[in-house]
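K.L.:
Residue strings, one per chain:
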Amino acid sequence: RKEVEQDPGPFNVPEGATVAFNCTYSNSASQSFFWYRQDCRKEPKLLMSVYSSGNEDGRFTAQLNRASQYISLLIRDSKLSDSATYLCVVDSGGGADGLTFGKGTHLIIQP
Amino acid sequence: ETGVTQTPRHLVMGMTNKKSLKCEQHLGHNAMYWYKQSAKKPLELMFVYSLEERVENNSVPSRFSPECPNSSHLFLHLHTLQPEDSALYLCASSQGTSGRAWGNIQYFGAGTRLSVL
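Protein sequence lines correspond, in order, to chains F and Y. Just so you know, we're using this note's numbering here: the first sequence kicks off at 723 and counts up by one. Just so you know, we're using this note's numbering here: the second sequence kicks off at 4 and counts up by one.
Just so you know, the hints here were simulated from the structure itself, not pulled from any lab data. Only a predicted model underlies this, so the values are computations on that prediction, with no experimental measurement involved. From the three backbone atoms N, C-alpha and C, an ideal C-beta is built for every residue, glycine too. Careful: at least some of the hints might be erroneous.
[Stated by the list, open to error] A few chain Y residues that face chain F, going by a derived Cβ cut-off under 7 angstroms, partial list only: (1) L46; (2) C71; (3) L93; (4) N107; (5) A113.
[Unchecked claim] BS3-like mimics (lysine-lysine), calculated; alpha carbons at most 27 angstroms apart, straight line: (6) F:K825 <-> F:K767; (7) F:K825 <-> Y:K43; (8) F:K801 <-> Y:K43.
[Stated by the list, open to error] From the derived model, a few chain F residues whose C-beta atoms are all more than 12 angstroms from chain Y: (9) V741; (10) A789; (11) D799.
Isolated chain Y (complex conformation) (with noise of 0.2 angstroms):
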């Protein structure tokens, strides 16, 4: 048990569905992270929250929306996805805010596998 906890573990949803991941750290960190995992991919950083404010997006397309409502909480809102969306959505958190040292040590909930029919 990391300390990250992710809900739901899979998923399966239409293309015009809408459905939310939901990601609570209980580490007292204070940043957050949404990654994808695709098969024969390295992970790809979605969306990064350093105390509750976003800093970077990497141009990920709007029909996901992050939302981060506290340092605990992080959700990842779905919308009218496309089949080459389905993959592995993992949340990590960090005790740093910035990229030096040893602070952005990441911890990984089990993540949410995605299916998109």
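Same shape as in the complex, but just chain F (with noise of 0.2 angstroms):
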């Protein structure tokens, strides 16, 4: 079973619109959670911390559901500039200091 799961898209939606997209993870020792952004041919950047409670930062929510062993990520009002991936990131807890990436979600804002 892979470890960070995501719907690779793409989802394609128009400008204004609201779009939600999840990921799963297996570990459910996971202790912490990130979504990061990634523009095409660019490197990954921090877009929010996923917290416990859930999480807004203007027009991106996030939520964690740990029964689920799922996080979210809500777009409102979306813009042509969200067009890019969004990967979802898992902090497993293992020895290894690192982080475990999904594949992305590849999202297209539409005019």
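Using the supplied hints, reconstruct the complex from the two chains, each of which is provided in its own coordinate frame.
P.N.:
Set out below in structure tokens:
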């Protein structure tokens, strides 16, 4: 079973719409969760951390469901500049001190 | 600008060449990482250095050899690579040295796009 799984998309969404995507993880001991954004041919950049109680940053809302082992990202009033690949990232707490990345969900906002 | 600088940005090499990738972080972090990103695959962690000591190498082939002379610099030495090693190689750094809490937020360099002919 893959450790971190995401729907690769692409999600084609009209500008102004709301879009949401989920990410599932397999390690129930995972402690920290993040959404990173990666633009085409660029490096990943932290979008937001995901807190247990859910958190919001402007048009972006992230939620964690420990029971079902998934995190979600909701984007409201989508902008053309939101077009990117969104990477789900999980800290599984292993000895590697590294993070486990999903393959990413490709989002295309259409005018 | 994330504070993590990688050079070169692009590299083309033959299978018999020896080259090195360089990463420098200006964030005062104490952990540095090498990742490989291939098309259609998630980022693969290759090496982790925490306080200049290697923590994990994830069974990376020996044709990849990391070096961390100090907490600000990280190298990836390449020799006798294969065409399937063509990928984007990303360096990252983080403040934390463990997987706890938010210390492991990672900041990435722009990457070196490597092509092996």
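K.L.:
With reference to the structure, classify each hint as holding or not holding.
P.N.:
Verification of the hints:
{"no.": "1", "hint": "L46", "verdict": "4 angstroms, holds"}
{"no.": "2", "hint": "C71", "verdict": "13 angstroms, violated"}
{"no.": "3", "hint": "L93", "verdict": "6 angstroms, holds"}
{"no.": "4", "hint": "N107", "verdict": "5 angstroms, holds"}
{"no.": "5", "hint": "A113", "verdict": "5 angstroms, holds"}
{"no.": "6", "hint": "F:K825 <-> F:K767", "verdict": "15 angstroms, holds"}
{"no.": "7", "hint": "F:K825 <-> Y:K43", "verdict": "7 angstroms, holds"}
{"no.": "8", "hint": "F:K801 <-> Y:K43", "verdict": "25 angstroms, holds"}
{"no.": "9", "hint": "V741", "verdict": "21 angstroms, holds"}
{"no.": "10", "hint": "A789", "verdict": "21 angstroms, holds"}
{"no.": "11", "hint": "D799", "verdict": "26 angstroms, holds"}
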